[in-house]
Amino acid sequence: MKSIRNLSNQSASLPLMADDILEFHAGRLLLLFKICGVKNRIEGLTKMAKLDFFVRYPEFFAGACKHLGKEHEALPSLIESEMVRHHYGPWDKRYYHVLAYLEGRGLIEVCRDGATIVLSLSPKGDEIAGQLSKQPAYEHLTKHMRSVKHVLGSRKGARLKKMIYELFDQEVDRLSIGEAIR
1 MKSIRNLSNQ SASLPLMADD ILEFHAGRLL LLFKICGVKN RIEGLTKMAK
51 LDFFVRYPEF FAGACKHLGK EHEALPSLIE SEMVRHHYGP WDKRYYHVLA
101 YLEGRGLIEV CRDGATIVLS LSPKGDEIAG QLSKQPAYEH LTKHMRSVKH
151 VLGSRKGARL KKMIYELFDQ EVDRLSIGEA IR
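Using my numbering, the letters of the sequence shown correspond one by one to residues 1 to 182.
It should be emphasised that the hints constitute simulated quantities derived from the structure, not laboratory data. Treat the hints loosely; a few may be bogus.
If you anchor each label on the Cβ, the simulated ranges turn out as follows [what the hints assert, rightly or not]:
| # | residue 1 | residue 2 | range |
| --- | --- | --- | --- |
| 1 | E73 | K39 | 40 to 46 Å |
| 2 | A115 | S154 | 17 to 23 Å |
| 3 | A137 | A100 | 24 to 30 Å |
| 4 | K70 | K124 | 31 to 37 Å |
| 5 | P136 | I177 | 25 to 31 Å |
| 6 | Q135 | Y165 | 20 to 26 Å |
| 7 | E179 | D113 | 18 to 24 Å |
| 8 | H97 | R182 | 21 to 27 Å |
| 9 | A115 | T142 | 27 to 33 Å |
| 10 | R105 | K66 | 17 to 23 Å |
| 11 | R112 | E59 | 31 to 37 Å |
| 12 | R41 | H67 | 23 to 29 Å |
Note that the Cβ used here is the ideal one computed from N, Cα and C, for glycine as well.
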């Protein structure tokens with residue numbers, strides 16, 4: 001994964017995918033904290049990853065909505081970036097890198113509340129997330145995030161993880177650790 005600032009060092013003949021750009025993931029996570037968080041914060045890495053899973057995989061979100069008897073608007077697939085099966089459910093191995101980038105840029109604050117890692121937007125991060133949320137390019141993503149928050153935002157990370165394993169046994173739980181979720 002590279003910062004967009006370093007792409008000039010890459011040969012023009014090599015393909016460039018959004019999934020390989022650090023700022024792509026950083027922007028999505030800023031929006032996740034702003035839209036799916038409570039007061040611009042998400043308590044726990046597990047909760048962050050599970051909410052991000054439902055944002056990145058709308059078909060799984062539709063399955064969760066059906067299971068919970070909740071209405072949702074069907075959206076086209078948003079899978080621009082795959083996650084892998086991890087010890088604690090769906091995970092992106094780049095989270096630590098992206099979170100460090102966001103913290104280093106002063107866009108998020110990371111602190112502990114006991115064993116829980118709390119991730120919050122800084123005032124600067126809140127401002128940027130607000131700007132992103134108003135951009136036409138992010139319209140579908142922000143709308144989908146609002147649905148995810150409405151249906152799943154009040155649940156704890158462990159509860160979301162358990163629900164994912166129960167509902168998506170074949171697609172997630174039976175995968176080997178590190179295997180991509182499709």
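(request) Using the beta carbons of Q135 and Y165, state whether their distance is inside 20 to 26 Å or not. (result) Since Q135 and Y165 have Cβ atoms about 35 Å apart, the given range 20 to 26 Å is violated.
(message) Is 24 to 30 Å respected by the C-beta to C-beta distance linking A137 and A100?
(response) Given about 25 Å between the Cβ atoms, the range holds.
(request) Please test the hint of 40 to 46 Å on the beta carbon pair from E73 and K39. (result) The hint (40 to 46 Å, Cβ to Cβ) is violated, given that E73 and K39 are roughly 25 Å apart.
(message) For the hint 18 to 24 Å, verify it against the beta carbon of E179 and that of D113.
(response) 32 Å, violated
(message) Tell me if the beta carbons of H97 and R182 are separated by a distance inside 21 to 27 Å.
(response) 23 Å, holds
(request) Evaluate the given range 27 to 33 Å for the C-beta pair formed by A115 and T142. (result) Given a distance of about 31 Å, which is inside 27 to 33 Å, the answer is holds.
(request) Take a look at whether the Cβ-Cβ distance between K70 and K124 falls inside 31 to 37 Å. (result) Between K70 and K124, where Cβ atoms are some 34 Å apart, the hint holds.
(request) Kindly confirm whether 23 to 29 Å is satisfied by the beta carbon distance between R41 and H67. (result) 27 Å, holds
(message) Taking 17 to 23 Å as the stated bounds, is the beta-carbon spacing between A115 and S154 within them?
(response) Distance hint for A115, S154 holds at roughly 20 Å.
(message) Between the beta carbons of R105 and K66, is the distance compatible with 17 to 23 Å?
(response) 39 Å, violated
(message) 25 to 31 Å was suggested as the range; check whether the CB atoms of P136 and I177 agree with it.
(response) 39 Å, violated
(request) Evaluate the given range 31 to 37 Å for the C-beta pair formed by R112 and E59. (result) 34 Å, holds
Consistency note: the structure conflicts with the earlier hints numbered 1, 5, 6, 7 and 10.
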